[in-house]
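Please construct the entire structure, taking both the sequences and the accompanying hints into account.
Going letter by letter, the sequence shown gives residues -23 to -1, 1 to 80 in mature numbering (1 follows the signal peptide of the UniProt record, and there is no 0).
No false leads were mixed into what you were given.
Distance windows between CB atoms, simulated:
1) 16 to 78: 43 to 53 angstroms
2) 54 to 77: 43 to 53 angstroms
3) 10 to 72: 34 to 44 angstroms
4) 6 to 63: 12 to 22 angstroms
5) 7 to 74: 39 to 49 angstroms
6) 76 to 6: 38 to 48 angstroms
7) 32 to 70: 22 to 32 angstroms
8) 73 to 53: 24 to 34 angstroms
9) 72 to 42: 24 to 34 angstroms
10) 17 to 75: 40 to 50 angstroms
11) 4 to 41: 18 to 28 angstroms
12) 67 to 6: 19 to 29 angstroms
13) 23 to 78: 30 to 40 angstroms
14) 20 to 78: 37 to 47 angstroms
If you're looking for bench data, these hints aren't it; they were derived computationally from the structure. Don't be surprised by glycine CBs; every beta carbon is placed ideally from N, CA and C.
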Amino acid sequence: MKKTLLKLSAGLALVLTTQMAAAQSQNCAPRDMVVQRLAEKYGESRQSIGMGQQGMVMETFASDETGSWTITVTNPNGMTCLVASGQSYEILAEALPVMDTDA
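This is how it looks when you write it as structure tokens:
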């Protein structure tokens, strides 16, 4: 399970790094400005956070009222880039699938 989690984390970091490089010219700004804009314009607040490779921080912002959501990645230098956004955000608390022990 730890190996799978590490592979998923590495894959996510690669995707985020690639998307951040493409987005840097258009969708990046200092973190405090991004957070303020998401709150004021979309009513979004931080719902989750995760650490990536090389000190990057991934955050999900969402609005309980409208269901809008935004995923951001912040570099160690404080620049935050928008990675994805959408509608119909829901908080889930799903249990892990039952593992088959007949191996």
